[in-house]
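Protein chains in written order, with my numbering: chain B, 12 to 256; chain S, 5 to 329.
No lab work stands behind these hints, which were simulated from the structure alone. Hints are supplied without guarantee of correctness; some may be wrong.
[As the list claims (entries may be wrong)] Straight-line distance between alpha carbons at most 30 angstroms, and here's what the computed DSSO-like set of lysine-lysine pairs gives:
| hint | chain 1 | residue 1 | chain 2 | residue 2 |
| --- | --- | --- | --- | --- |
| 1 | S | K322 | B | K34 |
| 2 | S | K94 | B | K253 |
| 3 | S | K37 | S | K73 |
| 4 | S | K114 | B | K153 |
| 5 | S | K200 | S | K17 |
| 6 | B | K221 | S | K200 |
| 7 | B | K254 | S | K322 |
| 8 | B | K34 | S | K17 |
| 9 | S | K316 | B | K253 |
| 10 | B | K172 | S | K37 |
| 11 | S | K300 | B | K235 |
| 12 | B | K254 | S | K19 |
| 13 | S | K300 | B | K172 |
| 14 | S | K316 | B | K223 |
| 15 | B | K254 | S | K89 |
| 16 | S | K94 | B | K35 |
| 17 | S | K285 | B | K253 |
| 18 | S | K37 | B | K84 |
| 19 | B | K244 | S | K316 |
| 20 | S | K300 | S | K19 |
| 21 | S | K217 | B | K193 |
| 22 | S | K165 | B | K227 |
| 23 | S | K17 | S | K316 |
| 24 | B | K221 | S | K94 |
| 25 | S | K200 | B | K172 |
| 26 | B | K221 | B | K115 |
| 27 | S | K316 | B | K235 |
| 28 | S | K316 | B | K172 |
| 29 | S | K292 | B | K221 |
[Claimed, not checked] A few chain B residues that face chain S, going by a derived Cβ cut-off under 8 angstroms, partial list only:
| hint | residue |
| --- | --- |
| 30 | S129 |
| 31 | M197 |
| 32 | I200 |
| 33 | L249 |
| 34 | S251 |
Being a predicted model, the structure only gives us computed values, none of them experimental. We put the beta carbon where it would ideally sit given N, CA and C, even for glycine.
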Amino acid sequence: MKILVCISHVPDTTARIEFSADKKEFVSSGVTYILNPYDEIALSKAVDLAAASGGNVTIIHVGEAAAEATMRKALAIGANDAVRVNAAARDSNFVAHQIADYVKKNPVDMILCGRESSDHNGSSVPAMISALLDIPCILFAKSLVIEGANAILENEIQGGKEIISTPMPFVAGASEGMAEWKIPNMRGIMSARTKPLQVIEPIEVAQLSKVKEYDKPIPRSAVKLIPVEEAGKLFEMLRSEKKVI
Amino acid sequence: MSVLVYIENVEGKFKKSAFEVLSFGAAIASHMKLPLVALSIGDVDESELNKAGKYGASKILNVSDDKLKSVNVQPYTSVVSQAAKAEAAKVIVMSASFSGKAIAPRVAIKLNAGLGENVIDLPEMSSGFVVKKGAYSGKAYAFVEILSDVKVISMMPNSYKVVENETAVTVVPFTASLDANDLRLVVKETIRSSDKVSLPDAEIVVSAGRGMKGPENWGMIEELAQILGAATACSKPVSDAGWRPHSEHVSQTGIAISPNLYLAIGISGAIQHLAGVSSSKVIVVLNKDPEAPFFKAADYGIVGDAFEVLPKLIEAAKAFKASQN
Numbered sequence: 012m013k014i015l016v017c018i019s020h021v022p023d024t025t026a027r028i029e030f031s032a033d034k035k036e037f038v039s040s041g042v043t044y045i046l047n048p049y050d051e052i053a054l055s056k057a058v059d060l061a062a063a064s065g066g067n068v069t070i071i072h073v074g075e076a077a078a079e080a081t082m083r084k085a086l087a088i089g090a091n092d093a094v095r096v097n098a099a100a101r102d103s104n105f106v107a108h109q110i111a112d113y114v115k116k117n118p119v120d121m122i123l124c125g126r127e128s129s130d131h132n133g134s135s136v137p138a139m140i141s142a143l144l145d146i147p148c149i150l151f152a153k154s155l156v157i158e159g160a161n162a163i164l165e166n167e168i169q170g171g172k173e174i175i176s177t178p179m180p181f182v183a184g185a186s187e188g189m190a191e192w193k194i195p196n197m198r199g200i201m202s203a204r205t206k207p208l209q210v211i212e213p214i215e216v217a218q219l220s221k222v223k224e225y226d227k228p229i230p231r232s233a234v235k236l237i238p239v240e241e242a243g244k245l246f247e248m249l250r251s252e253k254k255v256i
Numbered sequence: 005m006s007v008l009v010y011i012e013n014v015e016g017k018f019k020k021s022a023f024e025v026l027s028f029g030a031a032i033a034s035h036m037k038l039p040l041v042a043l044s045i046g047d048v049d050e051s052e053l054n055k056a057g058k059y060g061a062s063k064i065l066n067v068s069d070d071k072l073k074s075v076n077v078q079p080y081t082s083v084v085s086q087a088a089k090a091e092a093a094k095v096i097v098m099s100a101s102f103s104g105k106a107i108a109p110r111v112a113i114k115l116n117a118g119l120g121e122n123v124i125d126l127p128e129m130s131s132g133f134v135v136k137k138g139a140y141s142g143k144a145y146a147f148v149e150i151l152s153d154v155k156v157i158s159m160m161p162n163s164y165k166v167v168e169n170e171t172a173v174t175v176v177p178f179t180a181s182l183d184a185n186d187l188r189l190v191v192k193e194t195i196r197s198s199d200k201v202s203l204p205d206a207e208i209v210v211s212a213g214r215g216m217k218g219p220e221n222w223g224m225i226e227e228l229a230q231i232l233g234a235a236t237a238c239s240k241p242v243s244d245a246g247w248r249p250h251s252e253h254v255s256q257t258g259i260a261i262s263p264n265l266y267l268a269i270g271i272s273g274a275i276q277h278l279a280g281v282s283s284s285k286v287i288v289v290l291n292k293d294p295e296a297p298f299f300k301a302a303d304y305g306i307v308g309d310a311f312e313v314l315p316k317l318i319e320a321a322k323a324f325k326a327s328q329n
């Protein structure tokens, strides 16, 4: 079984987010980058599935060389090899086209992604890849098991969940619960240094959107403390002062 | 030409998010001086369909096909894309619900359109077409210009008010052609807990953390939520410990929500938790530790023991609700 896992390289969850004075660029200096947490779930699942079936896990990342440390971490967790598309990830449409193009040339049985990245939070790349390849997409998958030629997935929907059966290949977005996070061991870290990491050049893609600027939310005004003995007045206050109830 | 909104139903009924999407689409259509067309897929009766007219749609395309009874992303994408072409839609809007998040990017690819996903406000249309969305897990906003002629938007639930705008509406059956490839994926079973308010759509969320000491104490959380008509949520340690299901976990790695009111009980407010809830309009924090970081991100705070304060809040909520009726 051949599995492709799409990897994002994102600011650490505790990172302070700052932008340049013209608000056009994210300031990355001093920011620690990590493997996107949801991608780590997808990768952990892929490694388990490959171990059970004697398969191969390839990771793919669209981005610049700075991400290679993150890619080595994914190799240490258990991926067999890595591909980096050498281009700044302009937007989700650009990234999806690069990955779909790679898959057209290097077919796989399934493509696993995190359900969203913690920087752009769009959840768009997995669905776009599936549209470009015209294959099914299960975006909020909480579990995945292989049954013969099909995969059975539990997908989150409004107010509940659905059980899906799909033939391969397909794209799935991993949610919490699909797999346990794996911690790389020393052997994994040592072997990751020598696993193949191939760099390929991007294909041309028409630009359909662009970030004009970033902004930060206005900080909330100071908290209004309510003494415990007056806690019962909370709802009246929410009605008269905030009109949210 | 038109503005097309895809309105989702849950078991034949439109929810508030459908009316938000209609209201949002109506505002764009009015600015662009185009008619608003709504698209419904599935088993929805005529009187329910007519509700779309109340929010500004002049035409409703109704797709009723046995193969499309439950939401299935691939064929639904084909239907939305074909309807967009048939109506020469310039802008296609849908809710950024679980299924909308899966359908909108696919429609964008099919139509070679730029995508604005998880949009939280009306687009700026005076020069170009610029949408506002959350970025960096609630820590920032991005303003994204959509450069293509046809544009696809998914809008976050609870981010636009419902506006009534009674319009004469006609319901028109619409048939889309589906090929075998569209129907490879099979939905074997749908399981809904219909008695509960759905978390991403909820206007009020009552959420609790480790301060509740154990799953056996969640009765009070559920009671308060039920009185307020709220959804229940929890912090990551609570779902990790198996006290509550993962589907209730709000944070950077759980569900991100933007309710009108977020009540956090016994949650310290780690930065990852704040990332999932910081776009809530009003935040109330109850915690016994006055140094809990959540107080810095809150509008109202109560420093006290949850087991002492919650019964008071439950009584107060009951009295408040009774006084409203």
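We went through each hint and held it up to the structure:
no.	hint	verdict
1	S:K322 <-> B:K34	47 angstroms, violated
2	S:K94 <-> B:K253	37 angstroms, violated
3	S:K37 <-> S:K73	34 angstroms, violated
4	S:K114 <-> B:K153	27 angstroms, holds
5	S:K200 <-> S:K17	16 angstroms, holds
6	B:K221 <-> S:K200	39 angstroms, violated
7	B:K254 <-> S:K322	18 angstroms, holds
8	B:K34 <-> S:K17	43 angstroms, violated
9	S:K316 <-> B:K253	21 angstroms, holds
10	B:K172 <-> S:K37	39 angstroms, violated
11	S:K300 <-> B:K235	10 angstroms, holds
12	B:K254 <-> S:K19	22 angstroms, holds
13	S:K300 <-> B:K172	35 angstroms, violated
14	S:K316 <-> B:K223	48 angstroms, violated
15	B:K254 <-> S:K89	42 angstroms, violated
16	S:K94 <-> B:K35	28 angstroms, holds
17	S:K285 <-> B:K253	9 angstroms, holds
18	S:K37 <-> B:K84	53 angstroms, violated
19	B:K244 <-> S:K316	10 angstroms, holds
20	S:K300 <-> S:K19	34 angstroms, violated
21	S:K217 <-> B:K193	28 angstroms, holds
22	S:K165 <-> B:K227	23 angstroms, holds
23	S:K17 <-> S:K316	36 angstroms, violated
24	B:K221 <-> S:K94	19 angstroms, holds
25	S:K200 <-> B:K172	13 angstroms, holds
26	B:K221 <-> B:K115	26 angstroms, holds
27	S:K316 <-> B:K235	19 angstroms, holds
28	S:K316 <-> B:K172	35 angstroms, violated
29	S:K292 <-> B:K221	45 angstroms, violated
30	S129	5 angstroms, holds
31	M197	26 angstroms, violated
32	I200	24 angstroms, violated
33	L249	7 angstroms, holds
34	S251	11 angstroms, violated
Checked against the numbered hints given earlier, the structure breaks hints 1, 2, 3, 6, 8, 10, 13, 14, 15, 18, 20, 23, 28, 29, 31, 32 and 34 and satisfies all the rest.
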